[in-house]
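Protein chains: 2
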Amino acid sequence: MNFNKKLEKAIKKNNSLLCVGLDSDVDRLRESFGESRQFLFNKSIIEATKTHVCSYKLNTAFYEAIGHSGIKALKDTCDYLREKHPEIPLIIDAKRGDIGNTNDGYVQFVFTYLGGDAVTINPYFGEEAIRPFLNKKDKGIIVLCKTSNAGAGEIQDLVISNGMRDLVPTLRRDAYNASLDFSASPRNDMKLYQYIAYQVSHEWNKNKNCLLVVGAMYPNELKQVRKIVGQDMTLLIPGIGAQGGDLEATLKAGLNSRGRGLIINSSRNIVFAKNPREEAKKLRVEINKFC
Amino acid sequence: MNFNKKLEKAIKKNNSLLCVGLDSDVDRLRESFGESRQFLFNKSIIEATKTHVCSYKLNTAFYEAIGHSGIKALKDTCDYLREKHPEIPLIIDAKRGDIGNTNDGYVQFVFTYLGGDAVTINPYFGEEAIRPFLNKKDKGIIVLCKTSNAGAGEIQDLVISNGMRDLVPTLRRDAYNASLDFSASPRNDMKLYQYIAYQVSHEWNKNKNCLLVVGAMYPNELKQVRKIVGQDMTLLIPGIGAQGGDLEATLKAGLNSRGRGLIINSSRNIVFAKNPREEAKKLRVEINKFC
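Residue numbers (numbering that gives the first Met the number 0), protein chains in the order written: chain A, 0 to 290; chain B, 0 to 290.
I should point out that these hints are in silico values taken from the structure, not numbers from a laboratory.
The structure presented is a predicted model; accordingly, all values stated were derived computationally and were not measured.
Be aware that a few hints might be false.
Copies of one chain are not kept apart here, so a pair can be met inside one copy or by any two copies together.
As the list claims (entries may be wrong) - In silico DSSO-like pairs for lysine-lysine, Cα to Cα no more than 30 Å straight-line:
no., residue 1, residue 2
1, Lys-12, Lys-205
2, Lys-49, Lys-281
3, Lys-222, Lys-12
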């Protein structure tokens, strides 16, 4: 079963668009958990939240922080999930990217060693370089588009002058025009994040396995991205909760015509809550009000 | 001692701009090395080449490929280098990047756990996000600019229409004009990789700890980058050897006025050569012909 189908099933089963990010920062974990504290913590969060999620996301930074034992905890968590809850998709938030064959190492890490269902990748190298990821037909390849940090615009909002003129040869200019709201930019230029959204959805997505990351801090940009990619592509949305993204604005801007097409991630606000189960349930219900 | 000083000393001691990339792809290593085969292989390469290099580079992809035991081999290699050859700078080619504090995990991995002297990072998130890296004053922060893959231009050569107009407010337009050769682009637009080079050298480099990656496949772009960043910034050049970069063109385009300012990396062509010592020596001597 490919990632999109597995995700669809999990969304339906738990009636949830919520992804819980297992950001088990060792500095915030109780010492009493001992050597395996990241794994044991994750296990407790998984058991508390498993009926309220459509997926789990593991950000590699929190595991790499302590080296090989952290990587082992990451693997133990993935093994546990695949064994006990094989129906829940597992997203490895690695934000990797390198040139051509070097990516084979990362592909092996994420899909063979960890057994992930999807991975986040960085688009800076271009499609040609990240083919080892894109070639994995059954996996979700989630490309960074507009990230959730305050300074994302420094690079991602750069206006590309030859965007419309040269870069979209395969699409009729009228059709492209109609698909975007360029009221602020009458010359029909596009921003880098829009170009990424366009390229990923129209060029990189030959195996229908691409998704995009758009931060919840940017509902206007999310709306643009939804217009560019159409109704079928799923968008992973970090930034709800601790980072301050607005849930209602996000859902209104990003849901597709079927009230789906988003994965809403929350990490710290759930995993470090007094009652992670209740927090996950609350957010799931809140999300469903707008679907 | 900061990274740039350590590098300068190593360059002087071995009279070398050569960096050997320890890309110890497990699939290419002899089974007879057993469990620690990546570490033992690296050790043998280090001992063979140590008098011919200015630095070693370890690409994390080749270690992550086999999971936590690969990460252990990576650490063992770093420990060995720091213990036996503490004068040789150690570059962790991780190409990492995430939002704000999440980068703390990667910073800990690269500098605390591995004890690296420098790291490669991806610029897509912008300066605000990667401050945890930039704040490490004594470390080298090597930002991807123009990567060595054939398809790098898809994103990195995008022309930024507001480049000159809005994005370079701190520099007088004339001075900027004079510093670049825009004969092909009379509107003084810049490409994304040029903008990255400009931002990193003029804005991100407050701690004088930034370097840039420019692939050897692109001597013309390297020339542009050298013009933008001036004489003091060191550039890491992958792509010589297996990837087919032209050494002479690269050195002519990228060396600064003192015949320095480049780290020339070669990986597979040296580490998988019949005689790595001779191969490293040959390339060092070849490089020095043009310095």
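Structure-based check of all given hints:
1. Lys-12 <-> Lys-205: Within. Shortest intra-copy distance 28 Å satisfies the 30 Å Cα cut-off; inter-copy 51 Å does not.
2. Lys-49 <-> Lys-281: So Lys-49 and Lys-281 pass the 30 Å test inside one copy only (14 Å; across, 59 Å).
3. Lys-222 <-> Lys-12: This pair counts as within: shortest intra-copy Cα distance 27 Å, inter-copy 57 Å.
Figure legend: structure checked against the earlier numbered hints; every hint is met.
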